[in-house]
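Based on the provided sequences and hints, a complete structural model is requested.
Under full-length UniProt numbering, the first residue of the sequence shown carries the number 1, and numbering increases by one thereafter.
Everything labelled a hint here was simulated from the structure, so no lab data went into it.
Heads up, the beta-carbon is just placed ideally off N, CA and C, and yes, glycines get one too.
Please note that the accuracy of each hint is not assured.
With beta-carbon atoms standing in for the labels, derived distance ranges [to be verified]: (1) 24 / 315: 44 to 52 Å; (2) 182 / 25: 17 to 25 Å; (3) 88 / 276: 28 to 36 Å; (4) 288 / 184: 23 to 31 Å.
Calculated lysine-lysine pairs in the DSS-like style (CA-CA distance at most 25 Å, straight line) [said to hold, decoys possible]: (5) 281 / 93; (6) 53 / 111; (7) 258 / 108; (8) 24 / 108; (9) 183 / 307; (10) 204 / 281; (11) 307 / 108; (12) 182 / 278; (13) 108 / 240; (14) 24 / 7; (15) 111 / 93; (16) 256 / 204; (17) 307 / 93; (18) 93 / 279; (19) 204 / 279; (20) 111 / 24; (21) 307 / 240; (22) 183 / 111; (23) 204 / 108; (24) 307 / 111; (25) 53 / 256; (26) 111 / 7; (27) 204 / 111; (28) 182 / 204; (29) 108 / 256; (30) 258 / 53; (31) 108 / 93; (32) 279 / 108.
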Amino acid sequence: MTFNILKVYSDQPQLQAQLIEVYKDMPQLLIESPLCRAEIFLQGAHVTSFVPKLSSTLKSDVEHKPVNTKSETYNLDNELLWLSPIAEFRPGKAIRGGIPICWPWFGKHPKNSSLPQHGFARTSDFTVVNIHQDDNLAVHIQLQLTNDPSTQEVWPYPFTLTVNIVLAESLSVSLHTVNNSKKPMPLTQAIHSYFLLDNIDDSKLQGLEGCSFLDQLSDTLDTQMPPITITQEIDRIYHKQNASMQLVTNTHPATKNKILSIHQTNDTGTVVWNPWIKKSKAMSDFPDNGYHTMICVEAANAPEPIKIEADQSYQLNQTITRMD
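Here is the structure:
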């Protein structure tokens with residue numbers, strides 16, 4: 001895989017941080033530290049890969065993943081995020097997989113269905129504000145988006161949206177919104193994480209037992225009793241604040257479990273989504289069998305909007321850690 005290096009933020013033994021271009025007009029950050037490896041597109045402040053350093057054994061790289069000379073220290077089998085192998089990488093097109101950002105509305109616009117699904121942040125170009133490494137070797141990245149004439153046409157609020165990403169043994173993504181206007185700002189949003197599974201049939205999501213949920217497929221309310229397993233299309237918003245969950249895959253007795261801890265703060269709901277068979281086939285950037293190796297577990301403020309008062313801020317966070 002070849003790529004152009006656009007900018008070097010750090011070339012130290014403990015931190016390699018480069019802005020590169022693999023796909024035309026789609027710059028991305030390539031970060032490598034003693035703790036992890038990550039890829040982040042500036043369009044949408046979109047994390048598309050996170051590999052914690054759990055092993056020094058290298059798997060042959062897959063086609064869409066750029067690597068530099070240090071990648072022999074990372075086992076790409078440890079990838080935590082699902083990225084569609086037929087995702088499109090071009091300006092203005094949302095990337096299928098990884099961690100898209102839904103902002104400043106989740107789903108359809110509340111008043112104008114002709115506006116983009118899940119808002120405009122995920123197809124907007126963010127600016128790199130800061131990249132630094134702390135004493136514990138965690139890498140802190142700040143990417144920022146502010147209002148301009150094009151956003152004012154669809155969202156009449158001056159704002160500053162800062163996506164704070166912390167890369168260590170865990171991955172933390174936060175959406176920090178400042179309302180720079182003189183009136184309250186209604187906001188629905190989500191950190192739309194796609195997680196990589198070995199097999200959906202041998203996976204379960206624990207931690208939402210006893211929670212009520214809105215089934216967006218049937219527009220009905222129900223209550224979750226056992227851990228969540230996926231045997232058909234699912235699109236639910238679970239009503240739980242500051243949710244902590246465990247995503248367990250490889251539950252077959254003969255294999256070792258893979259366990260992800262998912263912890264959220266300032267969420268008012270958790271979205272669980274898998275398109276299953278029919279909807280997978282209907283999406284041009286989603287493999288027909290892609291549903292079998294992914295699940296979305298999303299930190300959200302939805303479906304009801306939160307309200308950010310004038311000159312105030314709000315921060316939504318999701319942190320994921322591999323526990324096995």
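Practice task
Mind listing which of the numbered hints don't hold for this structure, in increasing order?
Solution key: Going through the list in order, the structure violates hints 1, 2, 3, 4, 6, 7, 8, 12, 17, 20, 23, 26, 27, 28, 29 and respects the others.
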